[in-house]
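Student: Put together the whole structure using the sequences plus the hints.
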Amino acid sequence: GQQVQQSPASLVLQEGENAELQCNFSTSLNSMQWFYQRPEGSLVSLFYNPSGTKQSGRLTSTTVIKERRSSLHISSSQITDSGTYLCAMGGSNAKLTFGKGTKLSVKS
Amino acid sequence: AQTIHQWPVAEIKAVGSPLSLGCTIKGKSSPNLYWYWQATGGTLQQLFYSITVGQVESVVQLNLSASRPKDDQFILSTEKLLLSHSGFYLCAWKVGDNQAPLFGEGTRLSVL
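Line by line, the protein sequences give chains A and B.
Mapping of the first sequence onto our numbering: residues 3 to 110, in sequence order.
Mapping of the second sequence onto our numbering: residues 48 to 159, in sequence order.
Treat the hints as calculated values from the structure; they're not laboratory data.
A portion of the hints provided could be inaccurate.
Unchecked claim - With a straight-line Cα cutoff of 27 angstroms, these simulated DSSO-like cross-link-like pairs (lysine-lysine) come out:
| # | chain 1 | residue 1 | chain 2 | residue 2 |
| --- | --- | --- | --- | --- |
| 1 | A | Lys-97 | B | Lys-117 |
| 2 | A | Lys-105 | B | Lys-141 |
| 3 | B | Lys-117 | A | Lys-56 |
| 4 | A | Lys-97 | B | Lys-75 |
| 5 | A | Lys-97 | B | Lys-73 |
| 6 | A | Lys-109 | A | Lys-68 |
Said to hold, decoys possible - Pair ranges (Cβ atoms, derived):
| # | chain 1 | residue 1 | chain 2 | residue 2 | range |
| --- | --- | --- | --- | --- | --- |
| 7 | B | Leu-129 | A | Arg-71 | 45 to 55 angstroms |
| 8 | B | Gly-63 | A | Gly-59 | 44 to 54 angstroms |
| 9 | A | Val-14 | B | Val-62 | 37 to 47 angstroms |
| 10 | A | Glu-19 | B | Gly-63 | 24 to 34 angstroms |
| 11 | B | Leu-159 | A | Ile-81 | 14 to 24 angstroms |
| 12 | B | Ser-112 | A | Gly-18 | 45 to 55 angstroms |
| 13 | A | Val-46 | B | Leu-159 | 25 to 35 angstroms |
| 14 | A | Thr-55 | B | Asp-118 | 30 to 40 angstroms |
| 15 | B | Gly-63 | A | Thr-55 | 46 to 56 angstroms |
| 16 | A | Gly-18 | B | Pro-55 | 35 to 45 angstroms |
| 17 | B | Leu-159 | A | Pro-41 | 19 to 29 angstroms |
| 18 | B | Gly-63 | A | Gly-18 | 45 to 55 angstroms |
| 19 | A | Glu-42 | B | Leu-159 | 12 to 22 angstroms |
| 20 | B | Ser-64 | A | Ile-81 | 36 to 46 angstroms |
Using N, Cα and C, we set each Cβ at its ideal position, and we do this for glycine too.
Tutor: In structure tokens:
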């Protein structure tokens, strides 16, 4: 079946440092999406990025289909960026397969 | 404005008791709706999806069922809860073909 591997599992940064989160998927996909999960559990959609590069503020997502990977770059990290970042691969029947997430902690 | 509302926000239930979780969409007709579940510390999994009233497809079997009684309503239920049903349940609807789904605020369920 479809598998999504995220790395690292956790990351601790000093405020102002950059972060690079990785997502690798096992099969061909219809879409690649990135979400931020708040500590209480709710999700915020960050990027719908099936291929190429997209940027929103300090966040940049790059998906390379032929290499079966996607990355999320966070520049100049802030304490409020702390939380869990999830990537999800879209397949047939609109099924989303999520990775286990990267838990980010930004300290002052 | 399009909104998605889940209820209840949290539940504490006994093993063997019934459960009903709800999700309502406002501002969109005939939405594609989804139920997701995440065990504490676990991976988010898609449980069910529905593209129209009365039609529900199961993605993962967890001794749960789902129904679409109205165009804007999606219900998740079971007659007998298990300890393994504990976790966080999210409802979502697909905004468009090339867009990420919009998620509700979720329901946290503790089965004791």
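Student: State for each hint whether it applies.
Tutor: Hints, verified against the model:
no. : hint                                      : result
1   : A:Lys-97 to B:Lys-117                     : holds (22 angstroms)
2   : A:Lys-105 to B:Lys-141                    : holds (26 angstroms)
3   : B:Lys-117 to A:Lys-56                     : violated (37 angstroms)
4   : A:Lys-97 to B:Lys-75                      : holds (21 angstroms)
5   : A:Lys-97 to B:Lys-73                      : holds (23 angstroms)
6   : A:Lys-109 to A:Lys-68                     : violated (36 angstroms)
7   : B:Leu-129 to A:Arg-71: 45 to 55 angstroms : violated (37 angstroms)
8   : B:Gly-63 to A:Gly-59: 44 to 54 angstroms  : holds (48 angstroms)
9   : A:Val-14 to B:Val-62: 37 to 47 angstroms  : holds (38 angstroms)
10  : A:Glu-19 to B:Gly-63: 24 to 34 angstroms  : violated (50 angstroms)
11  : B:Leu-159 to A:Ile-81: 14 to 24 angstroms : violated (35 angstroms)
12  : B:Ser-112 to A:Gly-18: 45 to 55 angstroms : holds (49 angstroms)
13  : A:Val-46 to B:Leu-159: 25 to 35 angstroms : holds (30 angstroms)
14  : A:Thr-55 to B:Asp-118: 30 to 40 angstroms : holds (37 angstroms)
15  : B:Gly-63 to A:Thr-55: 46 to 56 angstroms  : holds (51 angstroms)
16  : A:Gly-18 to B:Pro-55: 35 to 45 angstroms  : holds (40 angstroms)
17  : B:Leu-159 to A:Pro-41: 19 to 29 angstroms : holds (23 angstroms)
18  : B:Gly-63 to A:Gly-18: 45 to 55 angstroms  : holds (52 angstroms)
19  : A:Glu-42 to B:Leu-159: 12 to 22 angstroms : holds (20 angstroms)
20  : B:Ser-64 to A:Ile-81: 36 to 46 angstroms  : holds (41 angstroms)
The structure is inconsistent with the numbered hints 3, 6, 7, 10, 11, although it conforms to all the rest.
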